[in-house]
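In full-length UniProt numbering, the protein residues as written are 1 to 183.
By construction, these hints were calculated from the structure, which means they are not laboratory data.
There's no promise every hint is true.
30 Å max Cα-Cα, derived DSS-like pairs, lysine-lysine [claimed, not checked]:
| hint | residue 1 | residue 2 |
| --- | --- | --- |
| 1 | K139 | K178 |
| 2 | K18 | K130 |
| 3 | K134 | K154 |
| 4 | K134 | K178 |
| 5 | K14 | K134 |
| 6 | K178 | K18 |
| 7 | K25 | K154 |
| 8 | K139 | K25 |
| 9 | K154 | K14 |
| 10 | K18 | K29 |
| 11 | K154 | K29 |
| 12 | K25 | K14 |
| 13 | K18 | K134 |
Values in this document were obtained by computation on a predicted structure and should not be read as measured data.
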Amino acid sequence: WMIVNSNGTALTQKTEPKLCLIMPKIFEKDRYMELQFPYMASVQISLDIKDGDVQRGASVCQSKVCGDRVEGIDCGDEVAEWLCDALATSGLRLLRQRTDDIRKAKVITSDSNSHTISLCNQDQFLLINKVSVKWLMDKVPDWNDLPEMDDDDKLDGVIDRFRGNLIVEAPELLDELKWNSIQ
1 WMIVNSNGTA
11 LTQKTEPKLC
21 LIMPKIFEKD
31 RYMELQFPYM
41 ASVQISLDIK
51 DGDVQRGASV
61 CQSKVCGDRV
71 EGIDCGDEVA
81 EWLCDALATS
91 GLRLLRQRTD
101 DIRKAKVITS
111 DSNSHTISLC
121 NQDQFLLINK
131 VSVKWLMDKV
141 PDWNDLPEMD
151 DDDKLDGVID
161 RFRGNLIVEA
171 PELLDELKWN
181 SIQ
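Turn these sequences into a full structure, and let the hints guide you.
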């Protein structure tokens, strides 16, 4: 999945921090994804969109991810309007990765193979620093109004919104921006 602007450029949390307020929930049994955003009604997107559906009305859109041209299936006007309202930005579209997408990572593994990747903007991994998220929570007014729960539960809930693969607790705020590697 990828949200793009009217130019086909992918939105990232670096350029659109409110993206982290969108909460996706997958209902695999019922075959849909639901998107939630504070103070808005949710929107549902079918998980059963197939590449063949393009001929029945869904359109294919092109975008660039890290310099690579990628194609995705446009998920329709309803979710596009919902995203525009949620993020207060016109011209947004939700794209779903095509099942026949074979985009490869630019990094070659030690066995000289490059693995396929999704519509992520750099790699399949996202490292989250708890100390940085706690700092960010203090800066975002909507997170100050989270339901009554203790601070650790609030922090865990916000960290979950970033959907990180690696969660660390660095000694310093934004320490991770200076790292070249982790061991």
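Each hint, compared with the structure:
1. Our distance criterion of 30 Å between C-alpha atoms is met by K139 and K178, whose separation comes to about 21 Å.
2. For the suggested pair K18 and K130, the alpha carbons sit about 18 Å apart, so the restraint of at most 30 Å is met.
3. Restraint check: the Cα-Cα separation between K134 and K154 comes to about 9 Å, which is no more than 30 Å; the hinted pair holds.
4. A hinted pair counts as satisfied when its Cα atoms are at most 30 Å apart, and K134 with K178 qualifies at roughly 18 Å.
5. With a CA separation close to 17 Å, the supplied pair K14 and K134 stays within the 30 Å bound.
6. Between the alpha carbons of K178 and K18 the distance comes to roughly 24 Å, so the proposed pair stays at or under 30 Å and holds.
7. Taking the CA atoms of K25 and K154, the gap is about 18 Å. The hint holds against a cut of 30 Å.
8. The suggested pairing of K139 with K25 holds, with an alpha-carbon distance near 25 Å, which does not exceed 30 Å.
9. The suggested pairing of K154 with K14 holds, with an alpha-carbon distance near 22 Å, which does not exceed 30 Å.
10. Restraint check: the Cα-Cα separation between K18 and K29 comes to about 29 Å, which is no more than 30 Å; the hinted pair holds.
11. A distance of roughly 28 Å separates the Cα atoms of K154 and K29; the hinted pair therefore holds under the 30 Å criterion.
12. Under the criterion of a C-alpha separation no larger than 30 Å, the hint pairing K25 with K14 is consistent with the structure, at around 22 Å.
13. Taking the CA atoms of K18 and K134, the gap is near 16 Å; set against the 30 Å cutoff, the hint holds.
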